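**Student:** Chains as they are written, first to last, in numbering that gives the first Met the number 0: chain A, 0 to 159; chain B, 0 to 778; chain C, 0 to 290; chain D, 0 to 149.
No lab work stands behind these hints, which were simulated from the structure alone. Note that the coordinates shown come from a computational prediction; the quantities given were computed from them, not determined experimentally. The reader is advised that the hints may include incorrect statements.
Straight-line alpha carbon distances no greater than 25 angstroms define the calculated PhoX-like cross-link-like pairs of lysine-lysine that follow [what the hints assert, rightly or not]:
(1) C:K57 x A:K72
(2) D:K1 x B:K138
(3) B:K97 x D:K61
(4) B:K97 x D:K26
(5) D:K1 x B:K764
(6) A:K143 x B:K764
Computed beta-carbon distance windows for the label pairs [claimed, not checked]:
(7) D:Q73 x B:M140: 38 to 44 angstroms
(8) B:N345 x D:S109: 40 to 46 angstroms
(9) A:D15 x B:L32: 18 to 24 angstroms
Glycine included, each C-beta is placed from N, C-alpha and C at the ideal position.
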Amino acid sequence: MSQISLNINGKTTTADVENRTLLVHFIREQAKLTGTHVGCDSSSCGVCTVLLDGNPVKSCTVFAIMAEGHEIKTVESLAPGGVLHPIQQAFWDQHGLQCGYCTPGMMMTSIALLEQNPNPSEHEIREGLSGNLCRCTGYNNIVKAVQQAATAMSTQAADD
Amino acid sequence: MTTEKHAMGKSMKRKEDPRFLQGKGNYIDDINLPNQLWMALVHSPYPHANIRGIDSSAAMEIPGAVAVVTSKELNAYKVGWLPTFHGLDKQMVLADGKVLYQHQEVAAVYAETREAAYDMAELVEVDYEPLPVMADPYKSMTDEVILRPDRENATNHIFNWNVGKKAETDAALEAADHVVKQHMTFQRCHAAPLETCGCIAEFDAMGRLQFYVTSQAPHVYRTALFLVLGIPEDKIRVISPDLGGGFGNKVPVYPGYVCAIAGALVLKRPVKWIETRTENLTSSFARDYHMDIEIGATKEGKVTALKVNTVADHGAFDAAADPSKYPAGMFGIVTGSYDFPNAYANLDAYFTNKMPGGVAYRCSFRVTEASYAIERAMDILADELKIDPAELRRKNFVQPEQFPYQSPLNFIYDSGDYEKTMNVALERIGYKELLKEQAEKRARGELMGIGLSTFTEVTGAGPSKHFDILGIKMFDGAEIRIHPSGSGIIRTGSKSQGQGHETTWAQIVAEELGLDPQNFLVEEGDTDTAPYGLGTYASRSTPVAGGALALAARKIREKARKIAAHVLEVSEHDLEWKDYKFNVMGAPSKSITMQEIAFAAYTNPGENEPGLEATLYYDPPNMVFPHGTYVAVVDVDRDTGETKVRRFLAIDDCGTIINPMIVEGQVHGGLTEGFAIAFMQEIAYDDEGNNLATNFTDYLVPTSLESPSWETGHTVTPSPHHPIGAKSVGESPNVGSPAAFVNAVIDALSPLGVKHIDMPLTREKVWSAIRNAEALAAD
Amino acid sequence: MFPANFEYVRSHSTDEAFAALQQHGSEARVLAGGQSLIPAMRYRLARPAVLVDINPIKELSYLHEKDGFLVIGATTRDAALEFDQNILARYSLITAVSRVVADPIVRHMGTVVGSICHNDPSGDWTATALASRATMIVRGKDGTREISIDDFLVDSFTTAIEEGEMAIEVRIPIPDAHTQGSYQKIERKVGDYATCAAAVQLSMNVDGTIRQAGVAITAVGHIAMRVTAAEAMLVGQRPSLELCKAAAAEAPKIASPNADQRGSAEYKKDMARVLVGRGLQESLLRLGVSL
Amino acid sequence: MKLEYNGTEQVPLGKDAVWAFINNPEKVASCLPDVKTVVVHDATNFDATVSIGLGPVRGSFKFKITLEPQADGQRMNVKINGGGFGSVVDLLAGADIIDNGNNTTTLNWSGAATMRGPIATVGGRVLDAQAQKLIAGTFANVKTRMAEQG
């Protein structure tokens, strides 16, 4: 067991964990943030995607102990005070989710994608999201949602 | 009043989304009970072996180890075997004496932490004596090795099912100008929702089982648990929380569930079990039909007879989730959209050393296999007769005036207008221009294909005279309670897995009552509160639960009429329901809304029974028959065998549309699953019975990059017997699209003489077909 | 699934990591991005006793040009290359491969050096390192040493790194203005191991002949392989369609793939030919030579 | 997954010496690559634990080994069943022993292995070549040890 402290969504969580504890389980069980999900054992599905220092990573393929001293952002950080983030609003408006299981990971990747490329083409969006599986939507509406969010976020940035 | 904005037919945004968007969904693994134990399962690496012994001593040395359970303990409690849904077989909970398929559950371990449970599972030592493996149903057929000596009959044959007129069909085939014959396989697939299955079992202070489980059919589970465990149903509460997809995978009662409950009972602590992805992919399957289809036709292309012989691989246990009287599901829909004067379908099912099942996967019980067979065969017929595939279909469609149409394989189709739907599709895709482009490309040696599928489905199981599971008739219940302020709660026995019931159920009720759909809470999945229903699978929710809801709402309306009459001081016969309110006939200024009536129901009901609630069970008079035309346009890379789906258009006719946005979303998702089946997905086995697709590195779920961009549209031919004319749509794209993809690829390769390739159409299979054709041409 | 437990050593400097590796010997493994190792551990196929985490070592995270080489430190992520403006502008082979390694999220953790050290038979970075004639820098008992990529890649999952040593850096010669490359990969879906892939890089003389050729194939043998015969055939020649075809035809001769769910040996061999051919043509097109 | 291999070794020993060697469980066990422990039960049955290292996959396999000398003295079959990593391997190997007359013997060996479990499904992509090395290595060791003995 090792004691580790992680900054998740701006808040520090300290806990004793085994070295083998995966980041996703630390987030779900120690930090009690269950919006980040688990969908496979092979680092294939991306439903566990969170931002590690701003970059999307599969939290099932990182040991919690490796994240000591780093900043984690999960889906729970997106709507402080209940006002939806433009990406959340866009997924809602465009029917970019059905069962909702891939949605948190998909949105975290989308946010990082738009950070890197604020005005992506459809192909760039499809490429950028290709580490996150969705079994329900067929991706059409997810692409539309990212396009809507891109517009909303650039307008927001211009207003700032 | 926002009714006009958000009633039926409107793309209302989903009411369930805000919680999912904020990571506040409540899925099974998000639930933890105080003092719970974790369970893990030990699986067999052998597909067929005697178990000589199980040694759990090393496992019990792990810190945190609590118990190891095998079939011996389960048998002592008489819970070693499970009945299968249609009653033709039973299934081991944990391997009893021998294992029959690779990854079969052999032991359950219980520990204080999840990690310890997995550490334990690794150390349970099982002594296996390998036995000969039957990994092919055609080999099983010989009965050289009997897989199930526990059964009365010493044979691997499970059942024969047939429908239609054999002698007449054979005679018609004999007399036909032209007969096409094709063997085709619909490969073994898996629904693979992104959330795996799981459960938590707890016996509360009153000795009542609180069973949280990923279930598409909570009430069926409650009854099944009564049958397996003997616990009275009032002592069982099944709670199905938010489901991360289902697609049929969350219909069966899995052995792990029984082990969790047994553990909770004996260890007197809550037990939690969440499947690994490997466990999810190796516990059940769908499809695996090997079909020989024959179509007879006149030389002008008018079909005269259809015959299909099928060998079904059901794996080690016949754990199919089909209704009792339909061991081959709705396979009789195999005559599709075409008016066959004669038809006969015959099917034999066999045991093999593979995982058990035959569960439905985004399909109303074997409709997908049937649709694929007929739509492929029609294309082969068109190719052989040198008739345009659209023209051939046009010649043979069941005509609008023929409905209700009695099919030769015993269905009565409710409604449809196949030619209209196809015309819309051909027009929108630009069929003529595509044919021209294809001709030009062919002249240059390029491989471009256009594939059509004009499928008909049968959904909405079902009418009680035909359909039951475990003897329970397949009707659904709905309960609506209207509160004094005009808001309300809706409960059904259905269970959304992403289909958006919280939205569409509110829309149906709001439309019927003239209330605001935003003000309805929809609750599903708790057997303590929901009325009995058979659950959500086989595209049955809108046809059955949706019908129940509309009729329950109308029951409320009839009661409301009485209260309205009292409030308005008129006779109820003077009232007419129009523009979402009761109007006094002949007195246009006098009317009352449902919201006002609701208030009156609790404040001023007069002589009427107070309150405004209704519960209704709907037994549909018939099935519903959605249809559609799908068109795929593909380009095939001659060097690598890669297929690029350049365009795909789906025109669906699912009758009355409740929420177009949700319908379109369902179609997109189903098309991507159909695409995956056509090109990527297969649970393949090698000759030694090893399962070759046990995780997402080999069971290929397409990403946004592989998945084509979908084009959709619809025609509307309402069902004449459904209360709101709705059919269903969730499964249509998965049912209809595989044939369109394959037809397109074969069309692209047809100049080379390629007639058929079995799915999945991997690059190598296509490459190989091209190379073989070139070699033949060179000879 | 959950890994078996292990001892964890966090290192903040190369010295610390090196000392830990020396101390634990064969029991220890370097933990860089972990994108191959952690999944193997989750299936309990890998169960190292000690993991030496080099991620906190700031001095190993770099990506810049120095003395004629692009130098990439041991903890530099794949994604750093994918989004680097200089690489996008001047390194066509690296740009191409950086977009098809694993999947976009895995690339945010995975490292170039770690991937080369893993030496998976289907590695993308190993083939790229061969085609671009990279050099590995390894820290050993007697200080650091340089090893050419050809000598570094020994066998499947085996490199010239000895017990207790660690890779520090990969050096890739900076392509001049007359050098272009291409990465051609067939995969069943994003994130899958390649069914077959080819890395190609060509440099031209001013007279229009080929000065240098790098051709490597992966996923069709025990290890990524340089197609030496193809390179020899190309150098000094004026490019033509026939030349490209002849060079591509050398690839299947050295390929010895296993049949698996990705395809038969025959298919993979033919793809080695097709992909090398396409890689050559695309590189030439980028050099302004249309065949 | 099923894997099949074969090969030939020339041994600089007479046939009788070869036959004696391969009927000795201790000696046969010593030829397994990276063998950690051997427990001999009787003249034809023994258990061996072998270290396996295939890239990231490292650990040990426990094997039950049965020697099945054929009555004519021309052939030895070996049955190997074992497991590790939650996986199992069933290996049927055999060698025809050909007396070349000049105090040398030819071993024509072949082996068929069936691998099951995660090692095959997750590691299958890279297993074939590695397994071949292990099996070929064993027979090469047989030759070397015999030569040392001779």
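**Student:** State for each hint whether it applies.
**Tutor:** To see whether the hints hold, each was checked on the structure:
| no. | hint | result |
| --- | --- | --- |
| 1 | C:K57 x A:K72 | holds (22 angstroms) |
| 2 | D:K1 x B:K138 | holds (19 angstroms) |
| 3 | B:K97 x D:K61 | holds (22 angstroms) |
| 4 | B:K97 x D:K26 | violated (36 angstroms) |
| 5 | D:K1 x B:K764 | holds (22 angstroms) |
| 6 | A:K143 x B:K764 | violated (34 angstroms) |
| 7 | D:Q73 x B:M140: 38 to 44 angstroms | holds (39 angstroms) |
| 8 | B:N345 x D:S109: 40 to 46 angstroms | holds (45 angstroms) |
| 9 | A:D15 x B:L32: 18 to 24 angstroms | holds (22 angstroms) |
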